[in-house]
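Undergrad: Sequence:
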Amino acid sequence: MTHSTIERSTEAPTPPSTTDWWPFALTGAAVLCWAFGFREIDPTTLGSLGLLLALSPLLLVAYPLLVAAFVIELTRNRRTAVLTTITVVAVLAVYGLQPAAEPVARLPVAWLHSGFANYIGAHGDVLHNFDTRFSWPGFFALLAFLTEASGLHDTSALLNWAPVVLSGLAVLGVRAIAVAIVGPGQASWIAAWIFLVANWTEQDYASPQGTTYILLLAALAITFQHLVSPSPLAPRRADVWRPPAPTNSVGDRLRAEGLVVLMAMALAPTHQLTPYMLGGLLIVLVLWGRLWPRWLPVVVLALAVGWFVLAAREFWIGQLSVITGSLGDLSSSVNQGIGQRFVGNAGRQAILLTRVGIMGAAAALAGCGVLVLRRSGSKSLLLPALALASFELAVLQPYGGEIFIRCYLFALPFFATLGGIALNALSERVFRAITGIALAVAMLATVTVRGGNDSYVAFTKADMDVVQRAYDLARDGQSIGTVVSYAPLEWQRVGDVRQVSAEDGCVVFPNPESCVLKANLDYLVINHAQDAYGTVYFGAPPGWTAKLADQLIADGRYDRVFAEDGSQLLARKEGTR
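Residue numbers for the sequence shown, in our numbering: 45 to 621.
Think of the hints as simulated: they come from the structure by calculation, not from any bench.
Since the structure is predicted, the reported quantities are computational estimates derived from the model, not experimental observations.
Yeah, the Cβ is synthetic: ideal placement off N, Cα and C, and Gly gets one too.
Incorrect hints may appear among the rest.
[To be verified] Pairwise CB distance ranges (calculated): (1) L306 - F386: 25 to 31 Å; (2) G350 - F435: 52 to 58 Å; (3) L303 - Q595: 42 to 48 Å; (4) S471 - R418: 38 to 44 Å.
[As the list claims (entries may be wrong)] Simulated crosslink set (DSBU-like; lysine-lysine; CA at most 30 Å straight-line): (5) K562 - K591; (6) K591 - K505; (7) K423 - K591; (8) K423 - K505; (9) K591 - K617.
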């Protein structure tokens with residue numbers, strides 16, 4: 045099956061017209077609505093629905109306007125420059141909303157990554173026997189290098205806009221994969237936009253997984269473009285033992301193989317999971333008789349295993365039970381990845397159900413794409429196999445309860461490509477209506493759920509000042525902590541002071557004071573994000589952290605040494621335990 049087999053006979057765009065100004069007008073109107081509707085957001089005012097209720101209706105109107113501009117341009121002229129411009133604006137509007145509106149970078153783990161990179165930048169080495177993630181230091185070393193090369197004081201300045209950069213590159217990567225599979229026409233553009241509006245996972249912060257995901261997409265795009273034969277849409281499985289050679293030159297194939305191997309070399313020391321995902325997807329291509337260099341997945345996996353065995357020894361020596369204990373335990377993955385996440389009040393439940401709805405819609409649309417392929421003569425199940433292969437990770441590890449989020453993210457490029465095939469099969473009039481409505485609803489839903497946690501994962505300038513004050517006061521060997529793990533901690537003094545949460549090894553609710561006393565913290569950071577977390581997840585009354593601070597002070601165990609806009613720092617009194 046060729047690319048043209050899945051394209052509508054009416055797909056060829058009409059000749060460009062100088063009077064066809066609708067895409068420009070709609071894009072301009074969207075930019076104006078977004079700009080005039082934009083306002084800075086105080087995270088302390090957010091509730092269990094997160095960002096949604098803080099957004100102006102005028103700003104929200106910008107998103108369906110962008111979708112309308114895209115659909116009209118796609119079906120009328122399909123000018124690459126115009127479609128690219130609309131897509132870039134959409135990426136900025138969706139993924140740049142929180143970086144622009146909120147005071148500082150979000151997510152506690154992003155600040156932790158900043159601290160790891162700062163440590164490498166200052167010492168030129170990892171901190172041994174400290175944290176599992178230091179066994180895969182590639183991203184932290186890269187972040188330290190970028191900070192030094194740009195002349196910045198520390199890595200925190202790079203955190204805020206990382207989602208825009210990484211998500212924009214991911215959209216480009218999905219478009220490249222779709223072009224390699226279905227050609228450069230309408231279906232591949234739709235695939236890119238399905239990914240854009242369905243990627244709610246928030247794995248695009250400054251992180252190893254965010255960076256390695258881009259490398260994964262790049263490696264897959266190169267593989268599909270230069271090393272896969274016959275086409276993934278070919279009707280039947282090819283000869284596994286003697287796959288046909290691609291029609292490109294030997295030199296092209298050698299360069300492509302070299303690039304994929306180089307990317308695998310970058311993946312191996314950077315993330316625990318992504319290189320194995322790449323190797324697994326390449327194995328699926330081998331099993332379908334599509335991958336010309338059958339040795340490629342062996343090399344990719346050998347690099348990952350080699351790093352694990354030789355360079356990550358600090359992680360696995362004495363901890364093999366941690367690695368192997370949950371192998372094959374699907375119930376553990378389901379419990380941690382689904383059961384333990386469906387907790388909290390009605391607002392949080394609504395956010396979670398919306399996320400599930402987006403996932404289900406993407407999967408259902410992909411299923412429609414499979415049916416379209418079968419009707420057009422292709423009985424190959426390669427694309428759905430690649431999508432489903434990602435979910436096999438759930439059998440291997442719960443991955444801290446995030447495994448199904450990661451599985452969905454790895455499957456999304458193939459869901460999106462199949463979804464593009466499905467929508468592209470519609471008649472032009474139906475296509476405009478269905479695609480426009482579906483993309484607009486999904487885009488608004490993704491904007492909603494990406495900000496759904498912001499009452500407790502977004503921070504204020506006061507939070508930063510309180511933590512900075514703790515760093516200034518704490519002596520080496522002392523401890524700085526929180527009641528629950530929602531504060532911008534660990535971005536400085538990594539290894540010098542102990543930075544922990546009282547909930548580590550202790551059930552905070554309904555008695556948080558006992559956990560704080562058990563943790564025996566020298567300095568305790570209190571902020572609104574922790575308060576919101578307790579309220580949203582456990583039904584704690586608003587203001588419970590302030591009452592806790594007052595109680596610790598009244599008991600004579602702590603003094604308040606710094607306070608700013610509702611955030612405060614308590615210091616343990618000398619001689620108290």
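Undergrad: Evaluate each hint against the coordinates.
TA: Hint by hint, here is what the structure shows:
1. Restraint check, L306 to F386: a C-beta distance of roughly 41 Å breaks the suggested window 25 to 31 Å.
2. For the pair G350 and F435, the supplied restraint of 52 to 58 Å is violated, since their beta-carbon distance comes to about 26 Å.
3. For L303 and Q595, the hinted distance range of 42 to 48 Å is not satisfied, since their beta carbons lie about 60 Å from each other.
4. A C-beta distance of roughly 19 Å is found between S471 and R418, which places it outside the suggested range of 38 to 44 Å.
5. The suggested pairing of K562 with K591 holds, with an alpha-carbon distance near 18 Å, which does not exceed 30 Å.
6. A distance of roughly 22 Å separates the Cα atoms of K591 and K505; the hinted pair therefore holds under the 30 Å criterion.
7. Proposed proximity of K423 and K591 is contradicted: the alpha carbons are some 64 Å apart, above 30 Å.
8. Simply put, K423 and K505 have alpha-carbon atoms about 56 Å apart, too far for the 30 Å limit, and the pair is violated.
9. Of the supplied pair hints, the one linking K591 and K617 holds, its CA atoms being roughly 18 Å apart against a limit of 30 Å.
The earlier numbered hints that this structure contradicts are 1, 2, 3, 4, 7, 8.
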